[in-house]
Amino acid sequence: MYEGIYPFRLISQTGCGESFEGVAVAADMYHLQKVKAFIGPYCGAEMDAVARMAAFWNIPIIGYMAASNSLSDKKAYPTLARVSLRTTSSIAEATSALLRHYGWYKVAIVTNAGSLAYDRTYAFEEVFHSRKIKVVKKIVFDEWADAKAMIASGFLHDLKTSARIVICLFSNTRDTSREFLTAANSQGMSVNEFAYILPWLQVTV
1 MYEGIYPFRL
11 ISQTGCGESF
21 EGVAVAADMY
31 HLQKVKAFIG
41 PYCGAEMDAV
51 ARMAAFWNIP
61 IIGYMAASNS
71 LSDKKAYPTL
81 ARVSLRTTSS
91 IAEATSALLR
101 HYGWYKVAIV
111 TNAGSLAYDR
121 TYAFEEVFHS
131 RKIKVVKKIV
141 FDEWADAKAM
151 IASGFLHDLK
161 TSARIVICLF
171 SNTRDTSREF
181 LTAANSQGMS
191 VNEFAYILPW
201 LQVTV
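Start counting the sequence shown at 1; every next residue gets the next number (the UniProt record's numbering).
Simulated from the structure, these hints should not be mistaken for lab results.
Derived DSS-like pairs (lysine-lysine); straight-line CA-CA distance at most 27 Å: (1) K106 <-> K160; (2) K75 <-> K34; (3) K160 <-> K148; (4) K75 <-> K36; (5) K134 <-> K106; (6) K106 <-> K138; (7) K137 <-> K106; (8) K138 <-> K160; (9) K36 <-> K74; (10) K148 <-> K137; (11) K132 <-> K106; (12) K132 <-> K160; (13) K74 <-> K132; (14) K34 <-> K74; (15) K137 <-> K160; (16) K134 <-> K160; (17) K138 <-> K148.
What follows is a set of in silico ranges between Cβ atoms, one per label pair, in the way DEER data are often shown: (18) Y105 <-> R9: 47 to 53 Å; (19) F20 <-> S70: 17 to 23 Å; (20) H101 <-> E143: 29 to 35 Å; (21) R100 <-> A149: 32 to 38 Å; (22) S190 <-> A27: 49 to 55 Å; (23) G188 <-> W57: 53 to 59 Å; (24) D28 <-> K134: 41 to 47 Å; (25) A149 <-> K74: 42 to 48 Å; (26) A195 <-> N58: 46 to 52 Å.
Idealized CB from N, CA, C, for every residue including glycine.
Can you build the whole structure from these sequences, using the hints too?
See below:
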């Protein structure tokens, strides 16, 4: 072994499913497999629990998709480090700054079902609340809804009468955003009358 180079082994197990299994997996990895550090889980709910466990065990944990601002509390999560160049919270803060710059304090959020979209939406709502930006309407489509399904849901009519500034927080950003904008345009919600903000589009195209 060369000086300054240390051998290590990666152990990977699935988390962030429907049954909150990532927490049990973390306990198994620590007690039985004797891991010395965690990377993830990626979803906010399990990251909160596992990061608290890691703090109790006094081992490092790295969050690569950590979303919530609450995870920055070093008293609650003393061993947690977040390394993403574009954390959800930082993107939410940037979006908030844009809205405040133009004096837009009432917005709607359009999202879809699924853990990634949920985490993004939660983080944005948290930041918007702290910045006095009011979410007057939140619409949640099915995770794989296309333009036809979005129109059939009737949600676009509710959106049309609620807000002119629409924040799009989809998990499958590019494809779902395209379907949504197609559906919205067909219902008379053109970009001439509505402002659509897609915070993640530059990351996924």
